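Peer 1: Here are the chains, one letter per residue:
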Amino acid sequence: MAIVSLREALNQAIDEEMARDERVYLMGEEVANYQGAYKVSQGLLQKWGPKRILDTPIAEAGFAGIGVGSAMLGLRPIVEFMTWNFSLVAYDQIVNNAAKMLSMSGGNFSVPIVFRGPGGAAHGLGATHSQALESIYSHIPGLKVIMPSTCKDAKGLLKSAIRDDNPIVFIESEVMYGDKGEIPDGEYTIPIGVGEVKKEGKDVTLVSWSKTLAHVVLKAVDVLQEELNISIEVIDPRTIRPMDYDIIVSSVKKTNRLVIVEEGWPFAGVGAQISHEVASRAFDELDAPVERVTQEDVPLPYAHGLEVRSLPNLDKIRAAVKKVLYLD
Amino acid sequence: MVAVEGIPHRQTDVKKSGMNSTATAIPLKQSNSRLLGLPRETLLSWYEDMLLVRRFEEKCAQLYGMGMIMGFCHLYNGQEAVSTGAIKGAINPDDYVITAYRDHGQAISKGVNPKAILAELLGKYTGTTKGKGGSMHIFDRAANFLGGHAIVGGHIPIAAGVAFAIKYRGEKKVCLCFMGDGATNIGAFHEGLNLAGLWKLPVIYIIENNKYGMGTAVERASAVEELYKKAYAYNIRSEVVNGMDVLDVYQKVKAAADRARETYEPTLLEVETYRFRGHSMSDPVSGHYRSKEEVERLKQSDPIIHLAETLKEEGMISDQYLDEAEERIKKIVQECVEFAENSPEPPIDELWKDVYIERTGE
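Going line by line, the protein sequences match chains A and B.
Under the working numbering, the first residue of the first sequence is numbered 1, with each subsequent residue one higher.
Under the working numbering, the first residue of the second sequence is numbered 1, with each subsequent residue one higher.
Isolated chain A (complex conformation):
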C-alpha cells in the first residue's frame, strides 16, 4: 500500500493506461505545458510527448468533437475539462454525438472516450463554476457516469473507464485533489457500476458519493452516531450510471431507513431516482419515507455564509436522519 494524493492516483491511472495502450491520449486546456490546471497531468508531457499529451485552445465543443471523431476510428481519448462547468458548451458533442453514436449508427461506431475533470462546488467560485452536473449527464442513455470518493477508487475506476468501449463521464472534485489515501501496490482496476459499503451500521442508511461523501457525510456520521446514539450504514455507489441499486436495497432491507445526500439540485436529482427505485423495490421494508439532502434549489451564491447554507452540511444531514428515525 502506498499513500498518494487524489491527483497522483489519477495521474498514475492515466500514465499506466498510456503505457498499456498506445491508442490512449490526453487532451484539454493546460494539460501539457502547464502540467494541468490542477496538476493531474503533471509530468505526462515530459514522459509521453506532445503527440499524446495535447494542449487545446479554449474550445470545448471543438476538442470534445475531435475526441469523438478520433474515438470513432478506434483511438481512446481522455478529454479533460478544466471543470465540468465548461462541458456545457460541449453538451451537443457529449449528448448528441458521443452518447448516441452507437445506437444511432445501429452498432456501426462505438465511441470509447473518457471525459473527465472536476465537478461540484469548491469555495467561493459562484454560480457558473460550482455546478454538480451528475444528474444531467446520468439522464442520458449511452453515457456512464463515475464519481469516485477515494484515491483507490479514483485510480481503479479511471483505469476501467479508459478501457471501457462506451463514452464515460468521470467527475472528480477540485477540493479533493490534495486528499491523501491508500492505494494498492501494482496493477488493479475497480469495476464500473459496483458500489461499496463504506461503513456498516444498522439504524439508517446514508447514500452519498464523491466529495459530499468524503468531506461532509463521513464527518457527519461520526458526530451523529455519538450525538444520537445510533448506528449508521454508509453506501458509496461510486458509479451514478449504472447505479448499483442492489447494494442500496440490501442495506435498506437491513436498516429500513434511507437518507440520500447529494450536492446537486433537488428537482430530478440523482436522489430522486434512487428514492423511486427503493420505493419500488423495497417499499414494505421502509419504516419512514426516504429523505433527501441536496443543495438548495438556487444558483450557488458567492458569499461564504450563503454558500455554506446552500450546500449539504451537518445540520441538514442531522435533520434528515432524525426525521427518518422519528427523533424530532
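Since the hints were made in silico from the structure, they are not lab data.
Some clues are possibly wrong.
Below, in silico cross-link-like pairs of lysine-lysine (DSS-like), each with a Cα-Cα straight-line distance of 25 Å or less [to be verified]: (1) B:LYS200 <-> A:LYS47; (2) B:LYS299 <-> B:LYS330; (3) B:LYS200 <-> B:LYS124; (4) B:LYS124 <-> B:LYS59; (5) B:LYS59 <-> B:LYS254; (6) A:LYS159 <-> A:LYS180; (7) B:LYS167 <-> A:LYS51; (8) A:LYS152 <-> A:LYS39; (9) B:LYS124 <-> B:LYS167; (10) B:LYS299 <-> A:LYS51; (11) A:LYS47 <-> B:LYS167; (12) A:LYS51 <-> A:LYS180; (13) B:LYS59 <-> B:LYS167; (14) A:LYS51 <-> B:LYS200; (15) A:LYS219 <-> A:LYS202.
Because the structure is a prediction, the values reported are computed rather than measured.
Add chain B to chain A, keeping to what the hints say.
Peer 2: Same frame as chain A, now just chain B:
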C-alpha cells in the same frame, strides 16, 4: 492551385450568383481541358452515379408522398455533381466521408449499398443502421461512411477528430466533411476549423453552398457572403468550386486530397450549387424565399444534363447509351424498392440493443 478558365474563382468581393430573384445561372462552361483526359469508363461511372442519386431521390419523394418514408427527408436533387466528383471521383475507398442530414447522395457515392439506404428510409431491419437512424443518420462502417449528422455543424469537429486519428496513426488518408452554407455560422464550424488549421489535420471541408439555409438566404445569415473567406481566419487554404460541374469538383477536391496526404494540410472548398427541390419534403420547391423563376433558371445548370451533353459533344456516348443508362438505373432503383419493401421491420428487442457496448477494450 491553378485557376481554371471558365470556373468562377473569386478573389474579390463579387456578388454571388443565384442568391436572389435576379440570380443568374451558374456558368455551365466545362473545365478548359474538357474531360481532363479521364478514361471513358470513369466518366461514365460518374454519370451513372449522379443519375442514380437523382433517380433514387425522385423515388424517395414518391415514397414519402405515399407515407412510406417518415420524419424529415432532405433530397439532393441538383447537387449530385458534388458528391460524385468529390467522393466517387477524387478520393479512395479507404478515405473517410462525414456529412450532415442531406446525406443520401454522399452515401451512394461512397459505395453504401443503395438498397440498405432505402431500407433504412422505410425503417427496415436491413437498413444501414437497422432502422435506428433514418434518413438523416446513414452510417456504414465498411464503406468508411461516418454519418449522417442532423445537428447543424455538430459533425464539423468530429471530422477534425477523424483527421486527427489519421495523422496520429501516420496514415495517408483524408476525411471529407460536407456541410451546408448555414453551418458556417455556428460555433462548432469555427472551433473545428481553428483546430484543423492549428494542428494541420488532413480534412477537406466542403461547403455545399446551395444559397439557402432552409429558407434563409446566405446574405441574410452570414456577415461574410463569400463563405470561402471564412478559412482565412484559420490559416486554411480555400477555393471556390463550380458545383454544377463534376469535373471541377473532382479536380479541386483531388488537389486538396493530394495535398492533405502529403502535408496533412486541411482545405476549405466553397462549392456553388443549388437544390432543385425544397429544403425538406415539407418545404415546397419555391415559396416565400425563392421564386419559381429562380428555380427554373438554375435548373438550366443541371449537372447531369450538362455532363451528358459534354460527353456527347466529345463523342464518348450516344443517345442509345443515355437510354440504356436510364434503364439500368431505373432497374437498380426498382430493386432497392423491392428489397426495402420486402424487408422485415426491426424486432422489438432491438430497441434495447446498441445503447451500451458490452465489450471492453482489452
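Peer 1: It remains to establish, for every hint, whether it holds in the given structure.
Peer 2: Hint-by-hint comparison with the structure:
1. B:LYS200 <-> A:LYS47: Roughly 23 Å between the alpha carbons, so the hint for B:LYS200 and A:LYS47 holds.
2. B:LYS299 <-> B:LYS330: holds (22 Å)
3. B:LYS200 <-> B:LYS124: violated (41 Å)
4. B:LYS124 <-> B:LYS59: With a Cα-Cα distance of about 17 Å, the restraint between B:LYS124 and B:LYS59 holds, given a limit of 25 Å.
5. B:LYS59 <-> B:LYS254: violated (31 Å)
6. A:LYS159 <-> A:LYS180: Distance of about 19 Å is within 25 Å: holds.
7. B:LYS167 <-> A:LYS51: holds (10 Å)
8. A:LYS152 <-> A:LYS39: Holds - the C-alpha atoms of A:LYS39 and A:LYS152 are around 18 Å apart, at most 25 Å.
9. B:LYS124 <-> B:LYS167: Violated, because 37 Å separates the two Cα atoms, which is more than 25 Å.
10. B:LYS299 <-> A:LYS51: violated (49 Å)
11. A:LYS47 <-> B:LYS167: holds (20 Å)
12. A:LYS51 <-> A:LYS180: violated (31 Å)
13. B:LYS59 <-> B:LYS167: violated (40 Å)
14. A:LYS51 <-> B:LYS200: holds (13 Å)
15. A:LYS219 <-> A:LYS202: holds (18 Å)
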